[in-house]
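Q: The lines below spell out each chain.
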Amino acid sequence: MTMIFGIPVQAFLGQLLVGLINGSFYAMLSLGLAVIFGLLRVINFAHGAQYMLGAFVGYLLLTHLGIGYWPALILAPLIVGVFGIVIERLALSRLYELDPLYGLLFTFGLALVLEGIFRYYYGVSGNPYAVPPLLAGGTNLGFMLLPNYRGWVVVASLIVCFGTWALIEKTRLGSYLRAATENPRLVQAFGVNVPLLLTLTYGLGSALAGLAGILAAPIYQVSPLMGSDLIIVVFAVVVVGGMGSILGAIVTGYMLGLAEGLTKVFYPEASNLVVFVIMAIVLLVRPAGLFGRDA
Amino acid sequence: MTSAAPLLTVGGLNAWYGEGHALHGVDLEVFSGETVTLLGRNGVGKTTTLRAIMGLIRKRTGRIAFDGKDLMRLPLHRTAHQGIGFVPEERGIFATLTVDENLLLPPVVAEGGMSVEEIFDLFPNLKERRNSPGTRLSGGEQQMLAIARMLRTGVKMLLLDEPTEGLAPVIVQRIGALLATLKKRGMTILLVEQNFRFASRVADRFYLMEHGKVVAGFPVGELPDRMTQLHEVLGV
Ligand SMILES: Nc1ncnc2c1ncn2[C@@H]1O[C@H](COP(=O)(O)OP(=O)(O)O)[C@@H](O)[C@H]1O
Ligand SMILES: [Mg+2]
Numbered sequence: 028m029t030m031i032f033g034i035p036v037q038a039f040l041g042q043l044l045v046g047l048i049n050g051s052f053y054a055m056l057s058l059g060l061a062v063i064f065g066l067l068r069v070i071n072f073a074h075g076a077q078y079m080l081g082a083f084v085g086y087l088l089l090t091h092l093g094i095g096y097w098p099a100l101i102l103a104p105l106i107v108g109v110f111g112i113v114i115e116r117l118a119l120s121r122l123y124e125l126d127p128l129y130g131l132l133f134t135f136g137l138a139l140v141l142e143g144i145f146r147y148y149y150g151v152s153g154n155p156y157a158v159p160p161l162l163a164g165g166t167n168l169g170f171m172l173l174p175n176y177r178g179w180v181v182v183a184s185l186i187v188c189f190g191t192w193a194l195i196e197k198t199r200l201g202s203y204l205r206a207a208t209e210n211p212r213l214v215q216a217f218g219v220n221v222p223l224l225l226t227l228t229y230g231l232g233s234a235l236a237g238l239a240g241i242l243a244a245p246i247y248q249v250s251p252l253m254g255s256d257l258i259i260v261v262f263a264v265v266v267v268g269g270m271g272s273i274l275g276a277i278v279t280g281y282m283l284g285l286a287e288g289l290t291k292v293f294y295p296e297a298s299n300l301v302v303f304v305i306m307a308i309v310l311l312v313r314p315a316g317l318f319g320r321d322a
Numbered sequence: 024m025t026s027a028a029p030l031l032t033v034g035g036l037n038a039w040y041g042e043g044h045a046l047h048g049v050d051l052e053v054f055s056g057e058t059v060t061l062l063g064r065n066g067v068g069k070t071t072t073l074r075a076i077m078g079l080i081r082k083r084t085g086r087i088a089f090d091g092k093d094l095m096r097l098p099l100h101r102t103a104h105q106g107i108g109f110v111p112e113e114r115g116i117f118a119t120l121t122v123d124e125n126l127l128l129p130p131v132v133a134e135g136g137m138s139v140e141e142i143f144d145l146f147p148n149l150k151e152r153r154n155s156p157g158t159r160l161s162g163g164e165q166q167m168l169a170i171a172r173m174l175r176t177g178v179k180m181l182l183l184d185e186p187t188e189g190l191a192p193v194i195v196q197r198i199g200a201l202l203a204t205l206k207k208r209g210m211t212i213l214l215v216e217q218n219f220r221f222a223s224r225v226a227d228r229f230y231l232m233e234h235g236k237v238v239a240g241f242p243v244g245e246l247p248d249r250m251t252q253l254h255e256v257l258g259v
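In the order they appear, the protein sequences are chains A and B. Just so we're aligned: 71 in our numbering is position 44 of the first sequence, and the numbers increase by one with no gaps anywhere. Just so we're aligned: 137 in our numbering is position 114 of the second sequence, and the numbers increase by one with no gaps anywhere.
Treat the hints as calculated values from the structure; they're not laboratory data. Source: prediction; values computed, not measured. Errors might be hidden in some of the hints.
Said to hold, decoys possible - With the C-beta cut set under 10 Å, the calculated list includes, among others, these residues of chain B facing chain A:
#1 M77
#2 T84
#3 A88
#4 R101
#5 G108
#6 F117
#7 P130
#8 R172
Stated by the list, open to error - Every beta carbon over 10 Å from chain A, so not counted as near; a handful from chain B, in silico:
#9 T32
#10 P147
#11 L160
#12 V195
#13 F241
Claimed, not checked - With the C-beta cut set under 10 Å, the calculated list includes, among others, these residues of chain B facing chain A:
#14 T121
#15 E124
#16 N125
#17 V131
#18 Q196
Glycine included, C-beta positions come from ideal geometry on N, C-alpha and C.
Please put together the full structure from these sequences, using the hints given.
A: Structure (structure tokens):
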């Protein structure tokens with residue numbers, strides 16, 4: 028059997044793949060957080076709950092309406108996005124003038140309420156969501172067996188991350204977003220409807236969380252707490268990458284996922300800790316984060 | 024020139040920063056095609072007047088009418104759509120946008136604006152640097168860009184806040200020539216200026232501000248007779 032650093036290649040690559048999958052979710056979620064924080068200056072604590080909501084929308088569509096994975100891949104982010112838009116219009120938009128702490132507390136409370144509701148109706152045990160038939164099974168890469176669905180998640184997350192990056196860096200709408208991040212009042216004085224831009228941005232960030240949720244449903248179980256488990260790591264990712272940097276959020280997400288996978292190979296006991304150890308080191312050496320602009 | 028109603032009418036305009044009362048009843052009028060300059064020492068409220076007209080300051084009372092429309096009731100993002108372009112004192116060039124993106128940022132609000140080609144003919148420097156980040160430009164180029172991006176939008180009137188501040192004399196001359204060109208094209212301009220010599224070359228009329236109020240208004244022809252008053256009020 029081929030070995031790498033004294034470890035079977037299969038086990039090594041297997042863990043690396045797990046790391047890459049986790050990293051895909053870290054990247055998509057921290058990207059949404061970065062987009063929202065950049066423009067709204069709101070730390071969206073409801074992001075994990077919106078991810079959970081995306082998975083549950085997929086699950087409920089399937090169990091109640093018989094709507095399968097592929098339509099759900101569109102519907103879940105759409106529904107979570109619209110939910111985000113309603114939340115922003117009804118509540119968040121009233122908090123912008125106040126201390127940023129209010130936005131944080133509101134979204135934190137919202138997360139607790141959402142999770143509470145789903146716990147009440149569905150308990151804490153996970154509900155399985157089957158891999159769509161098209162992506163069932165695996166592909167033999169010669170050195171390892173790659174489950175098709177996991178390969179799809181990596182590809183899909185790369186598309187989502189690159190697409191969002193391109194939307195923000197390369198389009199007219201993106202230039203509005205970047206300008207409004209720098210100086211929202213001036214952009215509004217030029218005639219851009221900045222309040223609408225804020226609403227749509229929160230909707231987009233929420234939709235990204237919902238999309239990550241439906242992508243995650245067949246891999247992890249659909250459970251009310253799936254978001255709160257993940258979001259803690261994602262916030263650590265955001266701290267490491269630096270608040271507000273789009274590219275930083277994406278790259279750091281994949282990097283830390285891989286770091287976790289590698290640690291699992293060499294020192295499994297530390298794999299749950301490694302992200303936080305890296306966070307502590309980054310905070311000591313570069314408090315603004317790897318990609319953050321120093322204040 | 025002073026045919027029919029003024030394009031911009033400001034009457035009894037008061038404005039506040041929090042509790043700080045900055046404008047105490049500003050009255051002024053600008054007619055279509057005119058270049059009018061607001062003079063006054065630092066801190067008398069010139070910038071505040073422009074910001075209140077634009078709607079950037081929401082705590083305001085009085086009357087602001089543009090082209091027959093009441094601007095007091097409009098949300099901030101509707102003001103520009105009435106046909107007013109704002110060039111702020113700090114220029115407001117965006118660092119995360121390229122020169123091109125800065126130029127294309129303000130939405131077109133009416134027909135009759137310049138095309139990007141016409142703008143680049145007028146500002147060849149900007150064309151050369153169209154892909155650099157906006158804030159990599161020199162101060163003079165950033166001022167040119169801040170004005171240029173308003174010319175695409177089709178606005179009838181520009182509010183210019185100290186466009187020559189901190190710029191070398193040769194750049195000041197180019198901005199003077201630019202304002203003359205815009206005037207020929209029929210642009211209406213309300214200009215705030217500390218550079219008195221510059222202002223006296225480009226303006227048709229002047230308003231003098233003191234303590235958050237307009238205290239005098241006169242055409243460029245009266246300038247020689249007004250020099251004593253101006254020396255006193257401006258300390259020039
Ligand atoms: N952002 C602000 N917050 C509070 N007070 C301000 C602010 N900007 C200006 N002021 C005050 O308002 C008054 C008018 O300022 P301004 O309009 O900037 O004067 P000018 O442009 O004529 O130099 C000054 O007393 C100034 O201190
Ligand atoms: Mg000023």
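Q: If a hint holds in the structure, say so; if it doesn't, say that too.
A: Now for the hints, and whether the structure bears them out:
1. M77: OK, holds: B:M77 within 10 Å of chain A, min 5 Å.
2. T84: violated (20 Å)
3. A88: violated (18 Å)
4. R101: holds (8 Å)
5. G108: Where the cut-off is 10 Å and the nearest Cβ of chain A is about 8 Å from B:G108, the hint holds.
6. F117: Because about 5 Å separates B:F117 from the closest Cβ in chain A, which is inside the 10 Å limit, the hint holds.
7. P130: With a closest approach of 5 Å, the B:P130 hint holds.
8. R172: Holds: closest Cβ of chain A sits about 8 Å from B:R172, inside 10 Å.
9. T32: The claim stands: B:T32 keeps its Cβ more than 10 Å from every Cβ of chain A (closest is about 20 Å).
10. P147: At about 23 Å from chain A, B:P147 clears the 10 Å cut-off, so the statement holds.
11. L160: Answer for B:L160: holds, closest chain A Cβ roughly 16 Å.
12. V195: holds (24 Å)
13. F241: holds (30 Å)
14. T121: holds (9 Å)
15. E124: holds (4 Å)
16. N125: Since the shortest Cβ distance to chain A is 8 Å, the answer is holds.
17. V131: holds (9 Å)
18. Q196: violated (27 Å)
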